[in-house]
Each structure stands twice: as C-alpha cells, then as structure tokens.
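There are 2 protein chains.
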Amino acid sequence: MLSKNQQKNIRQLSRKKHRQESGLFVAEGEKLVHELLNSGWKADQIYSTEPLQQTPYTLVHLSEMKKISHLSSPSPILGVFHLPHYDSSAVNHQEFSLVLDNIADPGNLGTIIRLCDWFGIKNIFCSSNSVDCFNPKVVQSTMGSIARVRCHYVDLHTLIEDCDAKVFAATLDGSSHYKESFPSQGLLVMGSESHGISEALLEKIDHRITIPSFGGRGGAESLNVATATAILLGEIFRP
Amino acid sequence: MLSKNQQKNIRQLSRKKHRQESGLFVAEGEKLVHELLNSGWKADQIYSTEPLQQTPYTLVHLSEMKKISHLSSPSPILGVFHLPHYDSSAVNHQEFSLVLDNIADPGNLGTIIRLCDWFGIKNIFCSSNSVDCFNPKVVQSTMGSIARVRCHYVDLHTLIEDCDAKVFAATLDGSSHYKESFPSQGLLVMGSESHGISEALLEKIDHRITIPSFGGRGGAESLNVATATAILLGEIFRP
Chain Y
612 MLSKNQQKNI RQLSRKKHRQ ESGLFVAEGE KLVHELLNSG WKADQIYSTE
662 PLQQTPYTLV HLSEMKKISH LSSPSPILGV FHLPHYDSSA VNHQEFSLVL
712 DNIADPGNLG TIIRLCDWFG IKNIFCSSNS VDCFNPKVVQ STMGSIARVR
762 CHYVDLHTLI EDCDAKVFAA TLDGSSHYKE SFPSQGLLVM GSESHGISEA
812 LLEKIDHRIT IPSFGGRGGA ESLNVATATA ILLGEIFRP
Chain R
612 MLSKNQQKNI RQLSRKKHRQ ESGLFVAEGE KLVHELLNSG WKADQIYSTE
662 PLQQTPYTLV HLSEMKKISH LSSPSPILGV FHLPHYDSSA VNHQEFSLVL
712 DNIADPGNLG TIIRLCDWFG IKNIFCSSNS VDCFNPKVVQ STMGSIARVR
762 CHYVDLHTLI EDCDAKVFAA TLDGSSHYKE SFPSQGLLVM GSESHGISEA
812 LLEKIDHRIT IPSFGGRGGA ESLNVATATA ILLGEIFRP
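Quick note, the sequences are listed as chains Y and R, same order. The numbering of the first sequence is this note's numbering, which starts it at 612 and goes up by one. The numbering of the second sequence is this note's numbering, which starts it at 612 and goes up by one.
No wet-lab data here; the hints were simulated from the structure. Wrong hints could be hidden among the right ones.
[What the hints assert, rightly or not] Below 30 Å or equal to it, Euclidean Cα-Cα: the simulated DSSO-like pairs (lysine-lysine) are:
| # | chain 1 | residue 1 | chain 2 | residue 2 |
| --- | --- | --- | --- | --- |
| 1 | Y | 627 | R | 790 |
| 2 | R | 748 | Y | 777 |
| 3 | Y | 642 | Y | 628 |
[Unchecked claim] On the chain R side, residues computed to face chain Y include the following (Cβ under 10 Å):
| # | residue |
| --- | --- |
| 4 | 645 |
| 5 | 647 |
| 6 | 648 |
| 7 | 731 |
| 8 | 739 |
| 9 | 740 |
| 10 | 797 |
| 11 | 845 |
Glycine residues also receive a C-beta, built at the ideal position from the N, C-alpha and C atoms.
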C-alpha cells in the first residue's frame, strides 16, 4: 500500500525540478524497465501489479498504479530509477555525435534518441533550453534507447568552438546533403522545430547542409526535426 | 453565437463516423486553414476570434472557440471543410507512391504525409484499418501538407497484385537499402508500428529492404515508422 505522500512524490517526477531535487526519474513498461535493469541502471523502486521474478519489487494494486503512472493507460510495471551522472568532457570525439539546439517536443527528442541508438551514436549534446531527456514522455518514446544513448546538456557555443572535427548545420539554405562527403567524426547540429538553429550559434558553423525538396513550389516548407535527422543520418552513415 | 448543437456537431468531427456522415472535417490554425483555402478546398464554415479579410467567416468569442477546438490550446481560427472525393483508380503509377499497412498513430501518419509532400509524393495508399487522414490530429501534424498529398484507403492486396512496377517492403530481414537501385516508379510498403507488414501482404512482395543498424548488438530493435520512411525516401529520391 502506497501512502499519499509516496504517490505524490512519484507523480511529481514528471517535473524536471523534482527529478533534479530527488535525483530520480520514472520509466514504465516491461520492456523499458528490464532494458534499464539489464543495462545496469540502479532502481530506487520497482512497482508491479503482477508478481515478478529476480527483481526486488513492491506489489501494487491496479488502482494504485493508475495513481502513480504518467501514462493514460498504465502498464503493469513502473520503475523509479536513479538519474545517471554523465561526464561530457569524457566523450570520445573520434565519432559522429548529434547536437540539438532548443528541441522542445518530448516525442521528437525520444524519437531522435532511438534513431541515434540505431545508427550507433552514443552521445547527443543538447542546449540547456532543450527538453530534459528524463522527462517521462521522452523516456517512453525512446523505447529503451535511453539506456544506451547519453544526452549531455552543455553550452553549445563552447562545444562547437572547442571542436576540432567538422561541424555541419542543417538549415534551409545550405548545399544539398547528397553532395557532401561526410567524415567518420564530426558534429551534426539540428535546430528547434519552430525557429531552426539560433543565429548566434549558426555563425560559428562553416558547413550548412539542406535536404533538397522534390515537392516543388508550394510544397512542404520544412520537415519535422526527427524525420530530417533521420534522412541526414541515413546519408552520414551511408557505407 | 454558436448553439449547443452546433458546438456538438463540430466537436464530434473528431470521430470518423461523424466525419463520414456529415462529409466534413476540421482544420485549425491560420497557416493550415489558409493553405487549404488557397489550394481550393471548400470550407463549410470558418470560425475566427479575430476579424478576417477576404474569407467569409463567423466571429466567435474565445470561450466558444475553446468549446469547438480539438486542440489543448485553441488557435484563433478553425475551419470546417468538405471532405474531398479522391479517385484512386486515376492515380498515375508512373511515379513513386507510398503504401501504409495498418498505421495507427495519428502523429506518425501526419508526419509521413508532410514527408511525402517534401519528396513530391502525391499519393499514399492506406489499408482500411489505418488511422483516417482527416482525424484532427493527423490534419494538424501534416502542417498543411494534407492540402497536397492524397490518402487513398484501398485493399492493399489488390493494389499490389495489380501493380506493374517494382514493389518494395520495409522489413527487418531484407537486404540493405543502400545496395538497392530504386527505379523512378514503384511502391514502398511500410508496416504498422507494432507488427510490421501483415504476413499475407508480405507474401505478395518480392523486394524486402532493411535499413542496416550500426548500433550493434543490444541497440535499438526498430525505428519509428515515420523516421524509417524518412530514411528510405531519402535514398529512393537520391539524385
């Protein structure tokens, strides 16, 4: 039986402030919880409406699960996990990494994390005004990839100034991404859904690339940031 | 002043049954409504909280707009439009078209419609159990591309049997999409978010393609259907 206070504490983990104060976040669903546990993430508590094997857990009634779940239809298992400590200075810059400037939509960030996992990108650098990757909606939409891809919230200006490798910016006025030859190390910078990459940041980047539109005049004016990232990564990792 | 009955009729357009009975659908937001009007779509009524020029409209109070809007934060303009009549038998098969088998998520379909608009794909064939493209959430997430890309709800088995061009299926066990040479006409079939392409349909398709994963063992098991479509279209339209 969960006390009202315990229920409140778990629900409040939907807010960044409470995650930072408590050092905890929530992940729901069998696949996601097991993927985090199997990847060595430390659980504070696992709540389940059904008996579990191997993992220590607290059995809760479905009515209780509904009170602590962040999903509209709760799954049988909810894990409260400790936030990890990532050291962004230890990132290996001999690989390709992604940079996100002011990405606001949790679903977009989650989809991009899953995409990076598919292409073997281990690190994403996010501007501090981007949505937090431990927001429950982001965690859920990563489909488990949050266990393997690290989001670092850093000052992007410093990151790009200090970067020795090639930096690419996705814009609407660059050269065709099909004509670019991508090195095996570098950064790809994607901008916000509504405003693109901030002007001040864009000034620091030499290579602007664009996905050519084949729709002609009057077609779509832009692409969703996750689908644009998908197309560019598809080309960057082209064997 | 809108009557309770009028308000109810507009709200009910969130349901396919009511859209089909009335022959109407809802689009919200200045850009979307104007894009439909400018593309010649016929409005039944335009509701606005602010005076409009050129278009006939009904001025409504914000409190009324909140009652008819399908958005959590209503925009100043809402249009009720007539459903179009598409003739799928008139589709030009000399181009590349997309086929969607059992796509359930409105956001995914909307994003895919926007993506097709970018690549100049004019027709999408959807299985009848796919989400309706005039669902308000789909319409909103197309960002206006619904005005230009046509979704035809047809029997996919017949479509594929009757197709003279090459048909590609996106699966997890095909050959690398990077190694395929894509013709300028054909069909690309994408499957449902949770179950992929149905077995019976897959049996009718000769060419199975897969986006290779670079994440190695233990990486993401699959991609979101909209991002997978993005990567494949990026390659299909590679100049």
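Worksheet item: Among all the numbered hints in the text so far, which are the ones the structure does not match?
Response: 1, 2, 4, 5, 6, 8, 9 and 10
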